[in-house]
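Line by line, the protein sequences give chains A and B. Sequence positions in the first sequence follow my numbering and run 1 to 158. Sequence positions in the second sequence follow my numbering and run 1001 to 1243.
Hints in this document: simulated from the structure, not taken from any laboratory. None of these values were measured; they are calculated from a predicted model. Note that CB positions come from ideal geometry on N, CA and C, so glycine has one too. Among these hints, one or two may not hold up.
[As the list claims (entries may be wrong)] Between beta-carbon pairs, the in silico distance windows are: (1) A:K105 <-> B:K1200: 20 to 30 Å; (2) A:L141 <-> B:N1155: 27 to 37 Å; (3) B:N1218 <-> A:K42: 32 to 42 Å.
Okay, here's what each chain looks like letter by letter:
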Amino acid sequence: MKRLRFLFCCCIAAITLVGCSDINCPLTNGVYAKWSFYKADKPLQLSDTLDIYLKVNGRDTLLANRLFNISSIDLPMSYYNSSDTLTLEIKTASHHTYKDMIIVKKENVPHFNSPECGTWVEHYVSDIQLTHNNLDSISVLNRKVDNNEVENFRIYFK
Amino acid sequence: MKLKISAYILSSLFSLLPLYSWAQDGMAREAAENAVSRFTHLSFIQGMSLSVEVGTPIAHLIGGNTLGSEAALRFSIKNKYFPVAELGYAKYNGTNDETNIQYKTAAPYLRLGADINMLKDKTQNNRLFVGGRLAFSTYNFDVNGPDIKDPIWHNAHPLDYEGLSANRLWFEFVVGLEAEVFKNYHMGFNVRYKSKLKEKQPIEATPYYVPGFGSGGNSGFTLSYYLTFDLSKKIKAELPTRQ
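Could you build all of it, start to finish, from the sequences and the hints given here?
What follows is the structure, given as structure tokens:
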């Protein structure tokens, strides 16, 4: 009888182990590219204000306004366009304005995670082109843009 | 989750039947164990048996999304070691109520491994075993769902993937009980801890349900309930003559 009770408890423990499951969805399904600012190989905290525009359906749309004292920013990417165009406008304290354009060419892949967590669109960057008014270069650290919050690009200012 | 728990509770209620038989036989045999064990010599090959997993079909009947079964061919070496080969087929077709995403797959899987009978008396027909398996499945799966809408650019495309291929190699650690309820007929259940070793998956999707492995990521527990038939069996015990 003792053995039967012990075996019954084992059975209940087994049911509990296999009956429970947890769903580990990411906090957000949003996918953002992480852009960091650098100058001469050192992280840069912008002392000038920065406006960022995104070209949406042919028109420049203000995405971020009067950013100040930042060293990085997370920006969305279009789900289905083959390239995105960003415009960075820096206004200095001496009232000079520098505009630079960044064109990011990419491949977009809708990614299924699970029926509970849903889907998101991941991007694989193939090429970046930029103007050089205030920008020196851009380096690609991770060409895959997903929801893992890793640094993707470094913008080197002049 | 409610459906998964009720399915496992019902299927494991059946497993209580062999437990009672096992406990009664165990108590009777314990009395003779000390006297017999020193004098028992078992022949090397004890026979082989065929098992059929019935927990999954039972769970499907009460509304689970998975359908399938598996058969296992098991050899008995001195009633202590049991090399085993398991071949199964599993099918999954489910739609999530909140996201309306449907996931569908069906494929066979293969497991090879061995169990060890942990009971002291190897001559009895009940077993408490622990074992391991190496398992593999290669499969295609489909994912369909509502349009994925871009909130900024306001365009949308449907989620529609068919025939994505993947495969998985995994390891299982098995603990189980088995009791003879009629002559040459056993019932038993086991709990398996499964852990992924290697996987190939497409970039478009993370496999949700893997045939033979189940759902739930890279590791997890499953409960199996099965019926076993002894195809051939001999337990030979030679008692030494006393002078």
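Hints and how they fare:
1. A:K105 <-> B:K1200: 20 to 30 Å: 28 Å, holds
2. A:L141 <-> B:N1155: 27 to 37 Å: 29 Å, holds
3. B:N1218 <-> A:K42: 32 to 42 Å: With Cβ atoms ~39 Å apart, the hint holds.
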